[in-house]
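Enquirer: Now for the letters of each chain:
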Amino acid sequence: MVRGLRAAWLGAVLCLVGLVVPRSAQAETLRLWHAYRGDEKAALEALLAQYERDTGVHVETLNVPFDAFLSKLQAAVLHGEGPHLFIDAHNRLGALAHRKVVAAVPDGAEVAPVLREAAREAVSMDGRLYGLPISMKSVALYYRTDMVTGPPDQLENLRQTLRAPLGAASYPLAYASASLYFHAPFLHAFGGRVLSDDDDFQFVGSEAEASLRFVHGLIEDGTVPASADGALVTQLFSSGKAPFAISGPWLASELPDGLPYAVAPLPIIGAAGEPMAPFLTVESVFFTPDGAASPRAAELGRYLFGTEASILRRRDARVVPARRDLPPSDDAFVAAFEAQADTAVPMPKSMAGQAVFEPADKALKKVLNGTMGAAEALAEAEFRFDDVQRPPPEPASTTPALLILGALMSLAALAMVKRARDRSFRAEVRRSLPAYRYVVHAVVALGVLVFLPLSAGAAISLFAGPPDEQYFVGLHNFWLILTARGGPLLANGSFYLVLLTTIAWTLINVFFHVSIGLLLGTLLARPTLRFKGFYRVLLIVPWAVPNYVTALAWKGMFHQQFGAVTAFQLKLAGLLGMNMEPIAWFSRFSTAFTANIATNVWLGFPFMMVVTIAALTSVPKDVLEAAKVDGASRWQRFRLVTLPIIRPNMLPAVVLGSVWTFNMFNVVFLVSGGEPDGSTDILVSEAYRWAFTRQAQYGYAAAYAVLIFLLLFGGTRLPAWIKSLRQRSRSVGEDEPGPVGRPVEVKA
Amino acid sequence: MAAVTIEGLLKRFGDTEVLKGIDAEVPEGSFAVLVGPSGCGKSTLLRLIAGLEQADGGSIRFDERNVTQLEPRDRDVAMVFQSYALYPHLSVRENLCFGLRLRKAKQKDIDKRVDEAASMLGLEPLLDRMPKALSGGQRQRVAMGRAIVRRPSLFLFDEPLSNLDAALRAQVRVDIRKLHDQLETTSVYVTHDQVEAMTLADVMFVMNRGRVEQAGPPLEVYDKPQSRFVAGFLGSPAMNFLDGKVEGEHVQINSPDDGDGPRVKFAPAAKATEGRAVTVGIRPHHVEVADVGVPLKVTYTEALGGETYAYGRVAGQPIVVRLEAHERVVPGDVLKLGVDPECVQLFDADSGRSLRW
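Quick mapping for you: the protein sequence lines, in order, are chains F and H.
Sequential numbering from 1 applies to the first sequence in our numbering.
Sequential numbering from 1001 applies to the second sequence in our numbering.
These are computed hints drawn from the structure, not numbers from a lab.
This one's a predicted model, so the numbers in the text were calculated from it and none came from an experiment.
Hints should not be assumed to be uniformly reliable.
[As the list claims (entries may be wrong)] Restricting the straight-line Cα-Cα distance to at most 25 angstroms, the calculated cross-link-like pairs of lysine-lysine (DSS-like) are: (1) LYS621/F - LYS1132/H; (2) LYS723/F - LYS1132/H; (3) LYS532/F - LYS571/F.
[Unchecked claim] Covered by chain H, per the in silico footprint, the following chain F stretches (three or more residues, Cβ under 8 angstroms): (4) 70-78; (5) 628-635; (6) 653-666.
Backbone N, C-alpha and C define an ideal beta-carbon position, used for all residues, glycine too.
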């Protein structure tokens, strides 16, 4: 016993030491985060290895996915565990600065003259340099040297460069048209802009509309595919179905070896009279506050930015360097992008700049697939942008809230004191003391793991502002939500519209869950069924597979081009002799909603089925036989006997299923992603967007969450409350059961 | 009202043959009882008549109508289950209405019949209760009421009294018979209790191992059992059996040693050929204590007040006899028993078939 204790203490000490020691060892290591893949990653690692050989300083790298970068950085820096350096795109500078995870470059003024103008502008704020640019990226024009003679002089003359006529299902030019990033070259050519210097939405007006009309025309005359994503563009270009493609340097790594292609700067648009000017993204080495204070980190930064490193990157990763003091490259690929960089427009770096894309992409989609006119769509986008960018609410006085809280607490205290003074209560507590010992750990666990976060989350709903500077606004967030932020009550994105969508979603899903579950449960409960065990396992599988895996699989199946559902639909149409277009599942509310429902029904019916099977065992066999003899058909037996008997057993399951469906984030977010245009979003996914994609409006999202909770709480309490009312009215006529065995009087 | 005619009915469950060819006739309006030990197939037969099981051979006819392939709902039968099988989610009134509602009867007619059945069975104060608030006896009456309301051509009862306590059983037994007399509907009643069978039946079918051993009015079956099984099944205490050999007008009871055992005289029977190995059957109350007769060595007595039962051995074979209450007998006594030859049953020692009937 003593030995065991000693061992335990030793172990504890060792653990503590183990925790402390690496901390100090970290002083020797530099940490660098990046989101590179492929050639760029290899180049970076080669540079770092060289650096270690030269200086003996070990650099620990962490590969963080692009989407998670910002939040991970913030969390890590907050706890003092972030990297010294990280590599990110310049357009996030505004968000990085807002979250206070980036510091000015030490001795930045020395570095500035070496930079290209656009790169310097991209990473400067308030006249100071905040990053060391190491590469510049934009899109350019890829073309198949075996299919065209060369880049056209004007975009309108694309077809004239073709060596031979194109085959069926081909487009002269492939690019991702429904994305603002890829639409920017056209916009800039027509003289439009995305954001003004004052962070006002500029993707409106005659220039923007002209660019949209132009692209729409390209789609109409078959020059460009109606909607394409990156994967499709790659596929079309490499298979020869599109001799021209607009894409960035990343496309090269996805093309098969030996494909004959070349790159050129984007051509002029004749109708605009100006060349197409894409967005420029400047990737830079940034310093965290810790990193800026470390001379070692500064040294590493300068190394990565240095001429040697830049030349190596240019050679191995084929990226355009941001320095202008390098010898010219002999790689035609890099030279083309370099030439393009001269006319490229740096992406906006303010936080507002990031908020432009969501509404702009939505507007683009609508205009390009003909759902809405250009002017209307852009005006809607501007409205959305302003809505998200609206100034945060005024801080509210905490006095009323504190007064109410104080009053409630005093009332609670009074009530507790009153109870405590009751002698029988005290005696009861004393008697139950041993019981509390058994319960206390569960209460503590529940309290810490459930009630505390719940209350903290609910408390956040009373605050607003940037994540690290939240201030009290009382019930203002709730007020905003419930008045649909001043817009029409059923406008897109308003609480009420999303609520209606969620209710419809829940009702339809639960209906199918219960009917299918009931049907299959009844079938499986038949004693004469063979292979019952096999069916049971098979039918449980949908529930057993993690539901985000299911959601992603179904999303893939509904893909308009490659999906299994589409293939099935076309096959079926072919069999029936109909000529059908593949359904674009996510371009209309009805079909996107159906796709979500199909996935969720597939996910949810096993639960109901299992509950049904269990409930059916409570139906006595002889009661069903009595019904049979009484003259009930199979359907009548089911409806009049089985269903009423299992109903009380099924009810809890149905309530649970409804609550789970109401909050089914995974399916809605992953399958339709709220498409089209956020219309299939339900309350939870809408709340998510407010918290994590629309500039961290945590208070607003928390208010959403509180409202969801209240809705569900009320919704589940309602049947119980109705039942208790009904029972109270019925119990008026109840008596005790009569005596056993009264003599029967049979009247003669 | 319908007469039930069953011919060659066969039923198999898997590899087991539960009914091995049943022939039975239930006259119209009579109360037929299927009685036998557990596992003899009586419940299966009842369920076949109801249509809850499918026959593997043979036929069932109600009057001239062949119902063998018909669903229960088309046979116009009503059944009272052993466990009552009331609809737990419906009130008593709704339980009674159920069958009529299914047949789309008019509400007026339904109410009339329900009230009629309720008054017949004393269910009026219970009509709005749920089954779970009823006692066993009340539930059984509701189950009967449910059957009565339908006014079917055939009532079926599946051991309805088994779940009641003894006192209630006797009372309800009488009530069931009275009900039958009032309604005059053909009834088929299954029980393992021979007292119920004897008291309720107009015609009794004694079943054993998937066959009808004997059918007929209860007293006839009791007095003239055609097989050893039937003879031993009816009557309590059961009939005594002694093995022996025919010698002229007597049966020589086998004795344990080589000597001569006692002799019992029997009424003339053609099949009782000389030397035939037979089993003699004598009911306990068919013996009298006399000066000469079969010697009984008493080993045990039970004095019930109204009568006394003496247990003992005759030629080594166990016997129980019924004595008048005043006759004082103690273990160890040797009684001389006299038997009326008319009351002596004779069965073939191997087949058990009666040699008299």
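Enquirer: Within a Cα-Cα threshold of 25 angstroms, do LYS723/F and LYS1132/H meet the stated pairing?
Expert: Given pair LYS723/F, LYS1132/H holds - Cα atoms ~20 angstroms apart, limit 25 angstroms.
Enquirer: Report holds or violated for chain H covering the stretch 70-78 of chain F, Cβ cut-off 8 angstroms, minimum 3 residues.
Expert: With 0 residues in contact (Cβ-Cβ under 8 angstroms with chain H), the coverage given for the stretch 70-78 of chain F is violated.
Enquirer: So is the stretch 628-635 of chain F in contact with chain H by the C-beta rule, three or more residues under 8 angstroms, or is the coverage claim wrong?
Expert: n = 6 at 8 angstroms, threshold three: holds.
Enquirer: Holds or violated: are the alpha carbons of LYS621/F and LYS1132/H at most 25 angstroms from each other?
Expert: holds, 17 angstroms
Enquirer: Mind checking, does the stretch 653-666 of chain F have 3 or more residues with a CB under 8 angstroms from chain H?
Expert: Contact hint for the stretch 653-666 of chain F vs chain H: violated, 0 residues under 8 angstroms.
Enquirer: Just to be careful, I want the Cα atoms of LYS532/F and LYS571/F compared with a cutoff of 25 angstroms; is the pair within it?
Expert: violated, 32 angstroms
The structure shown violates the earlier hints numbered 3, 4 and 6.
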